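Peer 1: Given next are the chains, with one letter for each unit.
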Amino acid sequence: MDAVNIEPSSKTPKVCLDSSQGVFEIEGRSIPENSTEFYKPVFDWLDAYIGSSNSETEFNFKLEYFNTSSSKCILDIFRKLEKLHESGSNVTIKWHYEEDDEDMQEAGEDYQSIVKVPVELVMMEE
Amino acid sequence: MFDTYHFYETMEQNDILLLYKGNITSDLVSSLLHMTEARLENMDEAPKIKRKVFNVLVECLQNVYHHRDQGESFEGGNSAILMLGKKDDDYFIVTGNMIFAKNVEGLNDRLDRLNKLSKEELKLAYQDVLANKGFSEKGGAGLGFIDILRKSGQRLDYRFQKINDEFSFFSLKVKISQTAQIK
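Same order as they appear, the protein sequences are chains A and G. Numbering-wise (this note's numbering), the first sequence opens with residue 1 and increments by one. Numbering-wise (this note's numbering), the second sequence opens with residue 127 and increments by one.
So that you can see chain A by itself, here it is in the shape it has in the complex:
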């Protein structure tokens, strides 16, 4: 499968989806007005990946900011990973947050309570 590599912009995160390297990561800020447009290639890639996934998938979110428009798209990513997990694949989602960022920690807890796939909250020390 071709990898997805999207460079960050002032409103959108860096995205790296590379199954051959085993890297699945979204990092930075996600605050576009139209988030579905931005996340379309991510959704498409994940839909294809579900059919031919690695035996293990560790998906990392390292977000600095995200808006409520992105929060729905992020949930859609979680849902796709949930589907992969339910098909018997080994999936872990790691949700990183900075030590003093309670809002980002709570956001991770929100997702934890909505989806049925393991979500690990990882505190990053400054």
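Just so you know, the hints here were simulated from the structure itself, not pulled from any lab data. Just to be clear, a hint being listed does not mean it is correct.
Straight-line Cα separation of at most 25 Å, SDA-like style, residue types lysine to any residue; simulated pairs [said to hold, decoys possible]:
(1) Lys259(G) to Ile77(A)
(2) Lys259(G) to Val117(A)
(3) Lys14(A) to Lys176(G)
From a predicted model like this one, the values you see are computed outputs, not experimental measurements.
The hints should help you fit chain G onto chain A, whose structure is shown.
Peer 2: Only chain G this time, still in chain A's reference frame:
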């Protein structure tokens, strides 16, 4: 001539850090966020508070972007206003934009309802909308006000002023403090 100094003094006395009036496009949202970050960077403030101010500002601006209603039945029909200020230890964000008069009652009721929720109720409301509702026609996620309440931890201040039969002016003031008011 327009009294620039008087205007400057008014801004100074009201502790305005940033003031914008005009149309709100995607590019202008970017520029305003960029200016806000630069402004905050120079302030002696905890990163946690700076992050909250930025986060809440994003939601406030994008709320205006998605939900303002435009028309030509009055002067400046496409304009909105944004203010960022700091009074003592508190930051405040004020937005103002036109909405259709027919939507005032619905929005007012919704804000009245959300403004009474506890911290835990806001969390559940957020999770419910996130998990169960799609994007609206206008591209909003229906989460903006809930998110603003959760992140600011403060009750919202809002009012509606009738412009004409078609439009009302909606203003929203959000405070960001060191300590949360909503328990």
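Peer 1: Would the pair Lys259(G) and Val117(A) pass a check requiring their Cα atoms to be no farther apart than 25 Å?
Peer 2: holds, 20 Å
Peer 1: Checking one constraint from the list: CA of Lys259(G) to CA of Ile77(A), max 25 Å. Satisfied?
Peer 2: holds, 16 Å
Peer 1: Are the Cα atoms of Lys14(A) and Lys176(G) separated by 25 Å or less?
Peer 2: holds, 22 Å
Taken one by one, the earlier hints all hold for this structure without exception.
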